[in-house]
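Asker: Just so you know, the protein sequences line up as chains D and W, in that order.
My numbering puts the first sequence at residues 51 to 206.
My numbering puts the second sequence at residues 1103 to 1214.
Treat the hints as calculated values from the structure; they're not laboratory data.
A couple of the hints might just be wrong.
What the hints assert, rightly or not - Restraint ranges, calculated between C-beta atoms of paired labels, are given here: (1) D:81 with W:1129: 22 to 30 Å; (2) D:179 with W:1128: 36 to 44 Å; (3) D:188 with W:1165: 33 to 41 Å; (4) W:1188 with D:104: 32 to 40 Å; (5) W:1117 with D:92: 16 to 24 Å; (6) D:157 with W:1139: 22 to 30 Å; (7) W:1205 with D:176: 19 to 27 Å; (8) D:88 with W:1134: 45 to 53 Å; (9) D:138 with W:1165: 37 to 45 Å.
Said to hold, decoys possible - No more than 27 Å apart at the CA atoms, straight line, and that leaves these computed lysine-lysine pairs for BS3-like: (10) D:117 with W:1160; (11) W:1118 with D:99; (12) W:1176 with D:139; (13) W:1160 with W:1176; (14) D:128 with D:183; (15) D:146 with W:1176; (16) W:1135 with W:1201; (17) D:153 with D:188; (18) D:107 with D:117; (19) W:1160 with D:146; (20) W:1183 with D:183; (21) D:181 with W:1201; (22) D:127 with D:187; (23) W:1135 with D:99; (24) D:85 with W:1118; (25) D:128 with D:181; (26) D:99 with W:1123; (27) W:1183 with D:146; (28) W:1176 with D:151; (29) D:117 with D:128; (30) D:139 with D:117; (31) D:128 with W:1201.
We treat Cβ as the ideally placed atom computed from N, Cα and C, and that holds for glycine.
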Amino acid sequence: MFSSLKIAMVAILITGIAGAGMYVMKLRSDNAILKANQLKLESAVEDQKQLIENQKKDFEEILNANKKMNELVSVLKKDLEDLDKRFNKKNRDVGKLAIAKTKSIERITNGASALATRCIEIASGSPLTEKEKNATKKSEINSECPSIANPNYVPY
Amino acid sequence: MLILTTFLTNCSGVKKLEIFKEEVPRAQLNLDKPTPLQLENLRWIIITSENAEEVFKKLEEQGIDPVLWGLTDKDFELLAKNFARIRNQLKITNDLLDKYKEYYEPDVNKKQ
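Turn these sequences into a full structure, and let the hints guide you.
Answerer: Here's what the structure looks like:
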């Protein structure tokens, strides 16, 4: 009876040690997984930070593009207003002027027509010439569309 | 005891975290921009009741058919303004295209 009790005790002890060993191994395995999870979470946080940064950059670019487009629309509107002024400044009547000074109005019209033609070329994507880029005086600019033809010209 | 330990270790296990992330970028459109226009200059002739005969005579002398398409001064003004509007629209559309390209295809723009 005493020996069977002994055997039972030893069996319980061995089972206990084996269980404890398994439990420790399981804990170590869990720990490894947790470490890997931690690394993944840290990487995900970094990715999110990067994403937010990129979004900020995108918003800035969108705002900037919108601003530039609005600026372009307003300078083009001004060119159109200037054209209207050329025809109607101080109740000017181009028809009467053409009757009185036919040759000079013809010359002016042809000059302006050539400049306007160049404006359309520029608007369609034609690169600016050095002369156009460097024009800063009224006598050097394309008076039909200085806003797109002469980037360095500041109206005075 | 062994059964109890097995239960304890297996039921409350830590699940392995899986994050799936696979982004396949869309192919870039990358179309070439239209070739800029190269236009011909045209010649305007102003005709009044006084110089009409002289103008037609000169045309005949130059071997040009003595016929002209006419506009009143008001219509000429409208034509000039219409062209300015078309030009502005062309410029805006062209710049808009550039902005879209810069935004969606920045790498392509750098290469160009």
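Asker: Verify the proposed pairing of residue 1176 (chain W) with residue 139 (chain D), using a straight-line Cα cut of 27 Å.
Answerer: holds, 14 Å
Asker: Are the Cα atoms of residue 85 (chain D) and residue 1118 (chain W) separated by 27 Å or less?
Answerer: Answer holds: residue 85 (chain D) to residue 1118 (chain W) is near 10 Å, not above 27 Å.
Asker: So the hint says 19 to 27 Å: do the beta-carbon atoms of residue 1205 (chain W) and residue 176 (chain D) match that?
Answerer: Holds, at about 23 Å.
Asker: Quickly compare the C-alpha distance for residue 99 (chain D) and residue 1123 (chain W) to 27 Å and report which way the hint goes.
Answerer: holds, 16 Å
Asker: Are residue 128 (chain D) and residue 181 (chain D) close enough, with their CA atoms no more than 27 Å apart?
Answerer: holds, 23 Å
Asker: Would the hint linking residue 153 (chain D) and residue 188 (chain D) be met if the CA-CA limit is 27 Å?
Answerer: holds, 23 Å
Asker: Given the hint that residue 1160 (chain W) pairs with residue 1176 (chain W), test it: the Cα-Cα distance must not exceed 27 Å.
Answerer: Given that 27 Å is the threshold and the Cα spacing comes to 26 Å, the pair holds.
Asker: Next pair to validate is residue 1160 (chain W) with residue 146 (chain D); report whether the Cα-Cα distance is within 27 Å.
Answerer: Judged against 27 Å, a Cα distance of about 23 Å means the pair holds.
Asker: Are the Cα atoms of residue 1183 (chain W) and residue 183 (chain D) separated by 27 Å or less?
Answerer: holds, 25 Å
Asker: Need the status of pair residue 1183 (chain W), residue 146 (chain D): alpha-carbon distance at most 27 Å?
Answerer: holds, 19 Å
Asker: Mind checking the hinted window 32 to 40 Å against the Cβ distance between residue 1188 (chain W) and residue 104 (chain D)?
Answerer: This hint holds: roughly 38 Å between Cβ atoms.
Asker: Does the Cβ pair residue 188 (chain D), residue 1165 (chain W) satisfy 33 to 41 Å?
Answerer: holds, 39 Å
This entry does not satisfy hints 1, 10, 23, 30, going by the numbered hints stated previously.
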